[in-house]
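Each protein sequence line maps, in turn, to chains A and B.
Note that this note's numbering has the first sequence beginning at 1, numbered continuously upward.
Note that this note's numbering has the second sequence beginning at 1, numbered continuously upward.
Just some of the chain A residues that point at chain B, by a computed CB distance under 8 Å:
hint, residue
1, 98
2, 133
3, 157
4, 170
5, 184
6, 185
7, 189
8, 211
9, 212
Straight-line Cα separation of at most 30 Å, BS3-like style, residue types lysine-lysine; simulated pairs:
hint, chain 1, residue 1, chain 2, residue 2
10, B, 273, B, 241
11, A, 241, B, 201
12, B, 201, A, 247
13, A, 147, B, 195
14, A, 164, B, 201
15, B, 273, A, 247
16, B, 241, A, 195
17, B, 241, A, 201
18, A, 227, B, 164
19, B, 195, A, 247
20, B, 247, B, 268
21, A, 268, A, 247
22, A, 147, A, 131
23, A, 201, B, 164
24, A, 273, A, 201
25, B, 147, A, 195
26, B, 164, A, 195
27, A, 241, A, 131
28, A, 147, A, 45
29, B, 131, A, 201
30, A, 164, B, 227
31, A, 247, B, 227
32, A, 51, A, 241
33, B, 247, A, 195
34, A, 241, A, 37
35, B, 268, A, 195
36, B, 268, A, 268
37, A, 268, B, 195
38, A, 147, A, 42
39, A, 164, B, 195
FYI, nobody ran anything at the bench for these hints, they're computed from the structure.
Just so it is clear, CB atoms sit at the ideal spot from N, CA and C, and this is done for glycine as well.
Protein chains: 2
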Amino acid sequence: MQIGFIGLGNLGLPIAENLLQQHAGMFVYNRTGSKTKPLEEKGAKACHSIKELALACDVVFTIVSNDAAITGITEGENGIAANLKQGGIHVSMSTILPSTSEALFAYHQQYNNNYIACPVAGRPEAARARKLNFMVSGANEIINSIKPLLNDAGAAGIWEYGDKPGSSNVAKLCTNYMIAAALQSMSEGISLAQKSGIDEKQWMQMITSTLFNCGIYINYGNIVLNKAFQPAAFSLELGLKDATLIKQQADATGANMPLATLIQREYKELLDKGYGDYDWRALGLSIQ
Amino acid sequence: MQIGFIGLGNLGLPIAENLLQQHAGMFVYNRTGSKTKPLEEKGAKACHSIKELALACDVVFTIVSNDAAITGITEGENGIAANLKQGGIHVSMSTILPSTSEALFAYHQQYNNNYIACPVAGRPEAARARKLNFMVSGANEIINSIKPLLNDAGAAGIWEYGDKPGSSNVAKLCTNYMIAAALQSMSEGISLAQKSGIDEKQWMQMITSTLFNCGIYINYGNIVLNKAFQPAAFSLELGLKDATLIKQQADATGANMPLATLIQREYKELLDKGYGDYDWRALGLSIQ
Chain A
1 MQIGFIGLGN LGLPIAENLL QQHAGMFVYN RTGSKTKPLE EKGAKACHSI KELALACDVV
61 FTIVSNDAAI TGITEGENGI AANLKQGGIH VSMSTILPST SEALFAYHQQ YNNNYIACPV
121 AGRPEAARAR KLNFMVSGAN EIINSIKPLL NDAGAAGIWE YGDKPGSSNV AKLCTNYMIA
181 AALQSMSEGI SLAQKSGIDE KQWMQMITST LFNCGIYINY GNIVLNKAFQ PAAFSLELGL
241 KDATLIKQQA DATGANMPLA TLIQREYKEL LDKGYGDYDW RALGLSIQ
Chain B
1 MQIGFIGLGN LGLPIAENLL QQHAGMFVYN RTGSKTKPLE EKGAKACHSI KELALACDVV
61 FTIVSNDAAI TGITEGENGI AANLKQGGIH VSMSTILPST SEALFAYHQQ YNNNYIACPV
121 AGRPEAARAR KLNFMVSGAN EIINSIKPLL NDAGAAGIWE YGDKPGSSNV AKLCTNYMIA
181 AALQSMSEGI SLAQKSGIDE KQWMQMITST LFNCGIYINY GNIVLNKAFQ PAAFSLELGL
241 KDATLIKQQA DATGANMPLA TLIQREYKEL LDKGYGDYDW RALGLSIQ
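Chain A extracted, bound-state conformation (with noise of 0.2 Å):
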C-alpha cells in the first residue's frame, strides 16, 4: 500500500514524520517545495505536483489551511480524486465545514475513490510526543482500514462520529469553539484579578487545583497568564478563520451562538490590530 501526504505545516511535518517511522519510501508534497526537504532527508520520496503524487497513491493524506485549498487540491483533472488509484482513500484532516466534506466524498465517489474527514486535535508537540485526537467519519469499513495509519501518525485516540462525511468535523468545530471561549474567559477572569490587586497567578493556581484542572486551563492557561505568544503553532489568523467556520455552521444550522458571535469579534480586531502572527491563544489580548 502506497501513501502520500500533502500538507506539511506546523502539524503536517510532525504527522509526515511520524507515519515516515513506519512508512519509508511515503510520497510528500507541499506547495513551498523546499519544506519537503527534512522529509526526503527521512527517506520519503517529494513529488513535484499533487498529480503526480495522486497517481503513485493508494492512500493519500491532506492537512491544509482551509475550505478552498482542499477543494482546489482534490478538484479537478490535476486534483487526488481524479488521479489516485481506483477505490483510494483520501483522509482529510483539516478543519473545514461539514458541508465541505459531504461535497468532497461526493466528488471522490465519481471516483470510486473514498474520503474520510479526519480532523485532529493537538497541538505540534501533541504531535511529537504521538498524543493526538483523530476525529473520524464516512465508511465504517474505511475508517477500520486506516486506524492502522493514524496510529503511525501519532494517535493517543481516534473518536468515531459514524458515517455521515461531515460529522467529524462538526465534533472539530464545536471542540475549537470550546478552546476559543475558555481562552477568552481566562483572559478576562485573569484581567479582572489584576485589575482588582490579586495575585492572577495564585488565583489560577486555586481554580486549577479544584473545578478548573485540566489542560486547558493548566497549560493554555500558563501561555495565557505568560502572554507566550509568540511564536505561533496555531496562528490567530488560523484562529479566525476556525471563528468564522464555527459561526457559518451556527448559521447554517439555526444554533443561537452568541458567545461564538463575540469570539469571532474578538479575533476580527485582533487581527485587524496586526496580531495575525500571535498564537490563536492570544485571543483575549485587545481586552487586556
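With chain A held as given, fit chain B onto it using these hints.
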C-alpha cells in the same frame, strides 16, 4: 470560645451542621426562624435576633444572600459589630463586592472587632462531603486562629489572599465568572453539536476525556446535557446577582469584560422569562 452561625440557606445549613458536629451548643440564627429547627435537634441554641446571637459569641459566621443583607446584619446598634464580644471575629462567607468587605472591615474596627472575608466555593453536596474551598483575606493572625474552625466547617482547601479585606472576594467573583463562562460555552457547544446532527453526549465524552477533563465540564456538563436544572441548589436569580457583582467589579476597576457583559445579559433574559428558580447552571437555556 463561643461560635455563632447566621444564614441557614441551601449552603449555610450543611456548613452549620458540619460545625455543630465539633461545637455542640453553637448559636444559630436565621431570618426565617423555622430553619433553625434541624440544628436545634442536634444541640444548637437558636437565637431570636442578630443582637442576641452576637452578644453570646466570640466568632460569628455569616452566609447571607447579598451585599445589602450582610451590611444590614453587621451595622447598626442591633448588628453584629456593636454586639460581638470585644476582639471578636466576624467570618463573612457571602459572595459580595470587595468594596463591601472593605467597608465592613472598617466598621468592625470601630468596635475593636475583626472581620475576615471568607467566600466559599462548593455546592451543598460538597459541603456535606466536606469538600468546600474557602478563600480568605484579612489579618494573618486572625486567619490562622480561625483555620481550625474552617476545617470543622468542611474545608478541603483554604486559599489565602493576603491582608487586604476584599481580596478573597475578588478571587471568588473571578471564579464564579469562570464557571458562568464555562456554562455558557458548554450550552452553545452542545447546541451546535445537536443542531448539526451529531451525538452531543458522545462529543462531550470526547472533550471531557481530553483537554476538558475536569469537574466543571464533567459534572456541570452532565447537568447541562440533561437539563437537570430543578430543584436549584444555587438559583438562577443568585446567578444574576453574581453576574451583576462581576460586572460592577469590572466597571469599578476598568476591566474590559465583553463575555461577562454577555453573561449578565443572558441571566437577565432568563430571569425575565421566568426561570429565576432554576439552578444557575441553566445559563445557556435561552439560546437552545
